[in-house]
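Student: Chain A is already provided as a structure; the job is to place chain B on it using the hints.
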Amino acid sequence: MLSSAASSLFWMARYLERAESQARLLDVSLTMALIDVPEDRIEQLSVPLLVSGTREIFFDYYTEITPQNLINFLLLDSRHPTSVFNIIQNARDNALHVRGNLSSDVWESINQAWLEMRELQHRGVTESNASSVFDWVRERSHLFRGAAYGTLLRNDAFHFLRLGTFIERAETTARVLDIRHVMAMKAEQEHATQVFFEWTAVLHSLAAFEAYQNTYGHNLDAMSVAELLILEPAVPRSLHVCLGEIASLLEQVESGEAQESRRLASSLYANIRFGNRDYIAERGLHIYLVDFLERIQHIAGQIQKDYMGWQG
Amino acid sequence: MLIQTPAEGLYDELFDENNRVRPQCRMLEHWLVNSNEELIAEKRREANVLFQRLGITFNVYGEDQGADRLIPFDLIPRVISASDWHTLQTGLRQRIQALNRFLYDIYHDYDIVKAGVISAEQVFANPQYQPGMQNLKLPRNLYCHIAGIDLIRHSDGNFYVLEDNLRCPSGVSYMLENRRMMMRLFPELFAHSAVAPVEHYPNLLGETLRAASLKPDPTVVVLTPGRFNSAYFEHAFLARQMGIELVEGADLFVAQNKVYMKTTTGPQQVDVIYRRIDDDFLDPLAGNPDSMLGVAGLYAAYRTGNVVLTNAVGNGVADDKSIYPYVPDMIRFYLDEEPILKNVPTWQCRNPKDLQYVLEHLPELVVKEAQGAGGYGMLIGPKACKKELDLFRSLLKARPQDYIAQPTLSLSTCPTFVEEGVAPRHLDLRPFVLSGKKIQMVPGGLTRVALEKGSLVVNSSQGGGTKDTWVLEDDPC
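From first to last, the protein sequence lines are chains A and B. Residue numbers for the first sequence follow the UniProt record's numbering, so the first one is 1 and each next one is one higher. Residue numbers for the second sequence follow the UniProt record's numbering, so the first one is 1 and each next one is one higher.
Honestly, the hints are just simulated from the structure, not real lab data. Note that the structure is a prediction, hence the values are computed from the model and not measured. Any given hint could turn out to be false.
Straight line, CA to CA, 30 Å or less: simulated BS3-like cross-link-like pairs of lysine-lysine [to be verified]:
#, chain 1, residue 1, chain 2, residue 2
1, B, K397, B, K383
2, B, K262, A, K305
3, B, K342, B, K453
4, B, K453, B, K387
5, B, K258, A, K305
6, B, K258, B, K137
To list a few chain A residues with every Cβ distance to chain B over 12 Å, as calculated [said to hold, decoys possible]:
#, residue
7, T126
8, N219
9, S248
10, Y279
11, I280
12, E282
13, Y288
Covered stretches of chain B, going by a simulated chain A footprint (3 or more residues, C-beta under 8 Å) [unchecked claim]:
#, region
14, 234 to 241
15, 261 to 269
All C-beta atoms in this analysis are idealised placements derived from N, C-alpha and C, irrespective of residue type, glycine included.
The shape of chain A in the complex, shown without the other chains (with noise of 0.2 Å):
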C-alpha cells in the first residue's frame, strides 16, 4: 500500500485512540475532584494536563485551573492541537486523506463524530452536561472500532490502522499510571486515604476498575494495580496486551527489507512477556515506565521509518 496512506491510517487511529483516553482522563479528574480534600482539588484537575503536556499551553490561555476552563480547554478549544476538538477534526483530515482505503462504514462513522463534534463545539459544554459529553466520545470511539472491525479488509491498511491503535493506547496507560502513581506516592505521606481513591482514580481512567475487581479483590495496593495494567496479559488496555498486537501486526505487515520495528517490538514485548511484579518493584516503577516510554517512542519512530519513510 501507499506508505501516504499507511501514514494517514496509522495516525488516524491514534488520533481517535487519543480523543477517547482524554475523554476518560478528563472525565475521571473532574470526578475525582469533587471527592477530593479542597486543597488537592487543583492537583487533582491538573492530571489530564499532566498528561497530554499541555499544562504551560493551558496558562498561555487560561489564569485559573477550574472545571469549566478544563473543559473548555481540552474538549473544544481550537486554538491548540491537543483539544478533543482538533483530535478529532486531524483523525478526519487523515481519514479523508484515506477515504480510498476505508470503507465507507467507517468513513461515516469518523465524519459524523466530527459533524457532531462541531456542532457540540458550537453549543458548548458545561460541567453538569459534560458527563454525557464524555459518554459520547466514548460511544464514537466504539462506534469506530465497531466499524473497522467488522467492515474492513484485512489487509496491510487494517494493519497500520491497529498499530496506531495500540501504540497510542500503550503510551496512555504508562503515561497515566506514571502521574499517578507519583501522585499517589505523595498522597501516602500526607492523607492515607486519598491513596486508595488515587488508584482508582488510575483503573476508572484506563477502563480497567472492574477488571482489577475481578483480579484481586477489594485489596487496592500500587503493585498490584501496576502489575494488572502492566504485566496482565487479559486487560485490554495493560502494556503486556498492546506490546503483544504490535509485535503480531509488525509480523503480519507486508515488509520489504524494513526489519528494524519488528526487531525492537518482539523486543520489548519479550521483556514484558517474562517481567514480574518483583523486578519492577526493585527497578521502581516510575524508572521502568519512563524507560518503557522511551522504547515506544522509539519503536513508533522506527515504525514511520521503515514503511512511512518517503515522506522524508
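Tutor: Frame of chain A, contents of chain B only:
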C-alpha cells in the same frame, strides 16, 4: 401534492404540450400527486443528513466559506424514455468515435486540415494544442477514454449537444450517489418501475482504464490534486469502488522514464494513471513549473510509452468551444455518416460576418468564452442589463476570436421541489461515455437543474442542483 404546470412554449419532461402526463412519467406523477408534503419534507431532511454524513460535499472556487457545501439534491427524478435513450446512446457513440479520430488525426496525419474542413490556424494555433503529442503512439489510438457530453432538450423535443468534455469531466459520483439515495428513500418507487441500473459504472470504468494499456494486468491508479480539490470526494469514491490506489503527486516518482508509487514495501511501477489534474499541472518540468500537484518527469515517461494517461494530454483542442461547431463535419469526414445528435447553431466571432451578426443581435444571444468552463465569464443576452451588454460588446470587438455566440436555448423543464412547492425548473443532462476495447456507457447520466425560477445556469458552482436520472428499460405500451 400539487404540481405546477410548465410555462407555454417550453418542453417539459413530465407534461406534454397539452399538459397531459407523458406516458413514461405516469407512475412518477401518480406517486407525486399522492405523496403528502410532510413525508416529502421529512425525506428531504433525511437526504441532507445522509449526504452530509457521506461527506459528499464540494468547494466553490473564489469563495472562502464555500468549503464543504452540499450540492442540492432534488427528490423528483428526471425520466428518459427507452427510445429517447436509444437515440442518445447511438448518437453519443458516433460523436465520441469521431472526436477520437479527430484527436488522432490532428496529432498525426492532419487529414482534416489538408481537406480544408477546419483551418490550420484553428487547430495548431489553439492554446490547447500540444505539439509534444505529435506522432506519439497511444494504445488503441485512444485519446478520450472518459468523456462527459452535456446535452439539453430544446422546445422542439430534440436533444442538442451543448458541450463535449474530453479532459477531466466530473460529476459521475453524483449520478451514482443520487441513485443510491433514491433507492434508500423511496424503494417502493423502484419496485413499480423498470429503471435501468447505473451501479455498474465503476466496473465499466475499471475495464476501460485497464484496456488503456496493452499490458495484460496493468497497475492503475487515480491521480487527484488532493483533499482540497472540489471533486476530491469523487476521486476517492471512484478509486474505492474500483479497488485501486488514490494517489497524489507526492506519492509518485519517475526513474528511468518509468513511473513508480511509493509503497510500504518499496517502489511499485504504475502503468495507467486516471488523472484528474489538468494537462498544465501534470509535470512541473513540462507544464506549469510551480505546480505542486504533478510529478516531475511524468511527461517524459508518457512520451516514452511507459505509462498511459487517461485522458490523453492535448484533448483540450477537441472540446474547445471554437472547435465545437465542426463536430458534425468531423462525423461526416471520418465516419461518412450523418450526425445523429444535433449541435447548437454557433456563431464564431472570429469570422467578421458572424461577429457582425452577434453584435447586432446581442440581447437575444448567449455569448461564451471559447476557453471558458463552469458557467464563468458568459453573457446571457435576454437576462443582461445594458451595462453588461456594453461590456461584452467591447470585449467582442477587442478579442473576437475568444468568443462564440449561440441562440438562447429554451432548456427543457422538469417538476422540482422548491420553496413555492413543486414547480418546473430548467435542466440539462451529462452522460458519461467510456472508450476502451469498445465504447460503453451506463443508461442516463447526471441531470443538473437550475433551482432559481427561470434560470438557465445549471452549474453547481452557480447554485445548481442535481436529480436522479431514470432511463426506463422499456417504453410503456
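Student: Now tell me, hint by hint, if it's right for this structure.
Tutor: Status of the hints after comparison with the structure:
1. B/K397 / B/K383: With Cα atoms ~21 Å apart, B/K397 and B/K383 stay inside 30 Å; holds.
2. B/K262 / A/K305: OK: B/K262 and A/K305 at ~13 Å, within 30 Å.
3. B/K342 / B/K453: Holds, at about 27 Å.
4. B/K453 / B/K387: Judged against 30 Å, a Cα distance of about 23 Å means the pair holds.
5. B/K258 / A/K305: holds (25 Å)
6. B/K258 / B/K137: At roughly 17 Å apart (the allowed maximum being 30 Å), B/K137 and B/K258 satisfy the hint.
7. T126: holds (26 Å)
8. N219: holds (47 Å)
9. S248: With a cut-off of 12 Å, A/S248 remains clear of chain B, as the shortest Cβ separation is near 17 Å.
10. Y279: holds (36 Å)
11. I280: Label holds. Min Cβ-Cβ 35 Å, cutoff 12 Å.
12. E282: holds (40 Å)
13. Y288: holds (33 Å)
14. 234 to 241: holds (count 4)
15. 261 to 269: holds (count 6)
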